[in-house]
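Protein chains in written order, with the working numbering: chain H, 16 to 594; chain D, 8 to 245.
Do not rely on the hints blindly, as some may be mistaken.
Each computed SDA-like pair below joins lysine to any residue, with the alpha-carbon atoms no more than 20 Å apart [as the list claims (entries may be wrong)]:
no., chain 1, residue 1, chain 2, residue 2
1, H, 578, H, 243
2, D, 229, H, 512
3, H, 107, D, 200
4, D, 223, H, 505
5, H, 88, D, 200
6, D, 220, H, 534
7, D, 158, D, 106
8, H, 352, D, 200
9, H, 231, H, 193
10, D, 223, H, 538
11, H, 120, D, 219
12, H, 541, D, 219
13, H, 120, D, 128
14, D, 215, D, 70
15, H, 512, D, 200
16, H, 352, D, 98
17, D, 239, H, 142
18, D, 229, H, 546
19, H, 545, D, 128
20, H, 352, D, 102
21, H, 488, H, 193
22, D, 229, H, 144
23, H, 107, D, 151
24, H, 512, D, 102
25, H, 411, H, 542
26, H, 541, D, 226
27, H, 107, D, 205
28, D, 126, H, 108
29, H, 545, D, 227
30, H, 512, D, 222
31, D, 126, H, 91
32, D, 223, H, 542
33, H, 530, D, 217
34, D, 229, H, 91
35, D, 223, H, 578
36, D, 239, H, 137
For the record, the hints were derived by calculation from the structure and aren't laboratory data.
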Amino acid sequence: MNYQAKKKWLSSKHRDLSKLMVFLCACTLSVSCMADMLAAEKWVSNEFKESTLTKEQQMKEMQWFVNAAKPFKGMTIRVVSERIDTHVYEAKVLAKAFQEITGIKLVHEITGEDDVVKKIATQSELNYSIYDAYISDSDLIGTHYRSGKVVALTDFMAGEGKDVTLPSLDLDDFIGLSFTTGPDGKLYQLPDQQFANLYWYRADWFDRADFKAHFKKLYGYKLGVPQNWSAYEDIAEFFTVHVKTIDGKKVYGHMDYGKNDPSLGWRFSDAWLSMAGAGDKGIPNGIPVDEWGIRVEGCHPVGASVSRGGALNGPAAVYAITKFTQWLNKFAPPEAKGMNFSQAGALPGQGSIAQQIFWYTAFTAALTNPKLPVTNKDGSPKWRMAPSPKGPYWEKGMKLGYQDAGSWTFMTSTPLKNRKAAWLYAQFVTSKTVSLQKTLVGLTPIRNSDLMSDKMTEMAKKYGGLIEFYRSKARVAWTPTGTNVPDYPGLSDLWWKNIALATNDQLSPQEAMNKMAFEMDDRLMKLEQKGQERCAPKMNPQRDESYWLNRPGAPKPKLANEKPQGVTLPYAASLEAWD
Amino acid sequence: MKNRFISLAVFILSTFASSACGTSFTLLTEELPPFSINNGGSGAGVSIDIVSQLFTRAGFDYHIKIVPWKRAVVTSLNDENTCVFSMPRNQEREASYHWISPIIITQTGFYTRDDSPHKLVTIDDAKGLKIGTYNGSAVAEYLTSWGYEVKLTTKDAQNIYKLYNKRIDVWAADTLSAKYLANEHKITNLKEQLVYFSTLRALACNIKVSEIKVNKLRQELKLMYIDGTIEKIISKYK
Numbered sequence: 016m017n018y019q020a021k022k023k024w025l026s027s028k029h030r031d032l033s034k035l036m037v038f039l040c041a042c043t044l045s046v047s048c049m050a051d052m053l054a055a056e057k058w059v060s061n062e063f064k065e066s067t068l069t070k071e072q073q074m075k076e077m078q079w080f081v082n083a084a085k086p087f088k089g090m091t092i093r094v095v096s097e098r099i100d101t102h103v104y105e106a107k108v109l110a111k112a113f114q115e116i117t118g119i120k121l122v123h124e125i126t127g128e129d130d131v132v133k134k135i136a137t138q139s140e141l142n143y144s145i146y147d148a149y150i151s152d153s154d155l156i157g158t159h160y161r162s163g164k165v166v167a168l169t170d171f172m173a174g175e176g177k178d179v180t181l182p183s184l185d186l187d188d189f190i191g192l193s194f195t196t197g198p199d200g201k202l203y204q205l206p207d208q209q210f211a212n213l214y215w216y217r218a219d220w221f222d223r224a225d226f227k228a229h230f231k232k233l234y235g236y237k238l239g240v241p242q243n244w245s246a247y248e249d250i251a252e253f254f255t256v257h258v259k260t261i262d263g264k265k266v267y268g269h270m271d272y273g274k275n276d277p278s279l280g281w282r283f284s285d286a287w288l289s290m291a292g293a294g295d296k297g298i299p300n301g302i303p304v305d306e307w308g309i310r311v312e313g314c315h316p317v318g319a320s321v322s323r324g325g326a327l328n329g330p331a332a333v334y335a336i337t338k339f340t341q342w343l344n345k346f347a348p349p350e351a352k353g354m355n356f357s358q359a360g361a362l363p364g365q366g367s368i369a370q371q372i373f374w375y376t377a378f379t380a381a382l383t384n385p386k387l388p389v390t391n392k393d394g395s396p397k398w399r400m401a402p403s404p405k406g407p408y409w410e411k412g413m414k415l416g417y418q419d420a421g422s423w424t425f426m427t428s429t430p431l432k433n434r435k436a437a438w439l440y441a442q443f444v445t446s447k448t449v450s451l452q453k454t455l456v457g458l459t460p461i462r463n464s465d466l467m468s469d470k471m472t473e474m475a476k477k478y479g480g481l482i483e484f485y486r487s488k489a490r491v492a493w494t495p496t497g498t499n500v501p502d503y504p505g506l507s508d509l510w511w512k513n514i515a516l517a518t519n520d521q522l523s524p525q526e527a528m529n530k531m532a533f534e535m536d537d538r539l540m541k542l543e544q545k546g547q548e549r550c551a552p553k554m555n556p557q558r559d560e561s562y563w564l565n566r567p568g569a570p571k572p573k574l575a576n577e578k579p580q581g582v583t584l585p586y587a588a589s590l591e592a593w594d
Numbered sequence: 008m009k010n011r012f013i014s015l016a017v018f019i020l021s022t023f024a025s026s027a028c029g030t031s032f033t034l035l036t037e038e039l040p041p042f043s044i045n046n047g048g049s050g051a052g053v054s055i056d057i058v059s060q061l062f063t064r065a066g067f068d069y070h071i072k073i074v075p076w077k078r079a080v081v082t083s084l085n086d087e088n089t090c091v092f093s094m095p096r097n098q099e100r101e102a103s104y105h106w107i108s109p110i111i112i113t114q115t116g117f118y119t120r121d122d123s124p125h126k127l128v129t130i131d132d133a134k135g136l137k138i139g140t141y142n143g144s145a146v147a148e149y150l151t152s153w154g155y156e157v158k159l160t161t162k163d164a165q166n167i168y169k170l171y172n173k174r175i176d177v178w179a180a181d182t183l184s185a186k187y188l189a190n191e192h193k194i195t196n197l198k199e200q201l202v203y204f205s206t207l208r209a210l211a212c213n214i215k216v217s218e219i220k221v222n223k224l225r226q227e228l229k230l231m232y233i234d235g236t237i238e239k240i241i242s243k244y245k
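Isolated chain D, as found in the complex:
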């Protein structure tokens, strides 16, 4: 937790603006490859590509900022014309936002070394094992609610090393992130044991954003699924 706030203080902030004039919407996200990648330029990643395309098609001005997640959440709750993505949609948060959903449907899996003695058939098989994930993630929230032994890091990539040093038995990670990070860190003997949860991730907009604009975004998002745009963007990062 402490390290996370230190990184907050470092104030990683990048701004990627639309070519259209005006700054009607501020769209906040965290750096989370391959969903959002702060490449110092135009910004990239599955979620950023989808959201950019969505606002362009809807004809709304926007600019995207990569900020620490907690700041993204607090700012989007307080500031008009501000949205945060890609937020897992759940009951507790439902009343706080307008939801444009799903921006993307993600999956979470259990990963082990390929020489692991542990065989995970159902989520129950992870009981009693040391599960690594990162602080503040929905993965941690879900597993903790089930009473699993969760070991937290500040960055998800650290879990790869913990797994290979046998400091954790299992890494619980988003399936796209896991493949991306394994590739980045040139890890080949990672074993996907069980994909145990699917999440609808949404664009969550401040409650004062007008219903008309929200409905326009919802309609455009639906069209992006129907015409294959979403699938095409996702496949670029697989």
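For reference, chain H alone in the conformation it holds in the complex:
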């Protein structure tokens, strides 16, 4: 189709829109511009139909991308992310849309999260450009900030990236910016997707009168959404030991995983100790002791072991590991112990699990499949997600769970031209034109405008509580690993390597956590000696543990009673805790 033909086609098919496009292209009227806007029109009309913007606003945003991308046309840009539905949609659909609209060839690679971390760590360590951008979990914010190898987006947007920064990006609309901001107040990463870790349970089973009566008789209180770990444990025992089977099929009151591989580490580094109550009060991560048990003075980590003021081997941490191991052995399906994160994720959907204390909402879309036994015929879920129960060491004002914020991250070792082109793609897949549709596909919201949209209200009943959680104020208590952790890739393996020793009964939980705390201190000391660009560790001297345990806050002394009375609430009342 030549230029005249295109114009004719436009005028006949989309008269009003073409006026807008011709107007927008006026400054740079060219066949190429028209072709790009035709592509944009196709994608907006067919794929990005759900948006909080009007179509005209969407086309204006697309016009900006067309113009901004001109210097980078024909380039190949390579980015990488972990394998979840949202990123698969980006890799398969949005990368193609971006390429057709901008002329920048975009390769969006998908791999395991562990591989993403290794790749970004490799590029950072070797100053060897592997990718033009990474979608890296914001858990690495403490690393990125201290390394000096990650571009501060605040500086980039105001400086060398100003000409490629979308005027309608609307940073204030992002719900996760506090997770990706360094101690210096600068933004280091742009959230691309977010999901939380919540309590998951079979609402249909919990509503059965026979189970309610049976539970009350055995435990003396009502079956409902557990508010503390005591109630969770009782319910786990109830289904595994007392109910045993439903409709002839074996059921379990708990699900988890225990295979010795890196995903076992996430199970703990993703806030498990803080759910038990090991850290300090203070959002997002606890001040001065965070959910990794690392104490920070100013911005400097000073120790992880109790002997240096940390909480990694304190009574609350040992309690958290003990409960994990006990529940896995006593109440989960026998095969769970040999499973990793991915294998375990599918199990609740198969219909034999009554509840799961540590459940990633990234599985929401997968569990709404009408073919599953956990979904009603009309597509509504038989399950619900609710606020996570709290361990006995938890106090009001502490974080209560984990939130993953996979975020766009740019390295200083990436050539500027590639970085700018990759920044365009990052903004494209998070733009208001695209983000609502992306959220509907992957259910990992990043924008307040999407969460508050009529479309989300309409869809909320299908998602088992996800939208209610994200619309509530409580979402701020579910946070990623924070800035206390100075080298996430260099420290995170300690979690799975040591916890596995406890789950395999090679060491007691106390011995495993003592070993881990010693090794964590050792690596922090090495970082202190090696130095970091900023805020490197400055380790405390070792003291008798009683010095720290007798002071207020974390590390906390052992409670006389670690199993207080179980407390449950009806589902509706449990949601009120979110407000």
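Position chain D relative to chain H; hints supplied.
Below, chain D alone, put in the same frame as chain H:
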């Protein structure tokens, strides 16, 4: 699979020793040009050159053996002071080895005949097409996990002929290997459509190798990147 084991039984084994005395480390790899080439003499190839240089710089005695891949993996898991290269590093294998990484960063692409009607913009465009790769490769593992229709051969070079006989639509291959094999087989009309994946390939050492030696190797490898040695070796084979 069966043919692969027949070739195993043929026992292709070559030994290339360092000039230094002693045999502290046995380094195992498979024949995979241009990464490792069994030329009957000193052994050559990108990976062999990098690993040889690494152990020489670290001051460790070593000898390199080219053996079938599965044997390399099993032996390195069981025998002390034994390493295997160039192993894709992944979550499933992470706990089984000490990793010195990356020995090399490779890329995998989709190749078609240059008259192919198929245009591959994203990996999704390969859905429904017959994709050729070779048995036991990480490429096959990755594509199968996505539900693609993968046709396996015992040797990667066979895929070139399958592509030209239209028995497969797409050849999924390492970019260096593809160019090397196309050159070897004097194929000129091969079209690189999409480079869709990058892999960190590592030297994976038996878990009983001492941390001190592992750290020494890691430090030397880092220096080889910083001083340009790695890039220089790779460029020899491009």
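Can you name, in rising order, the numbers of the hints this structure does not satisfy? 2, 7, 8, 9, 11, 15, 19, 25, 34 and 35
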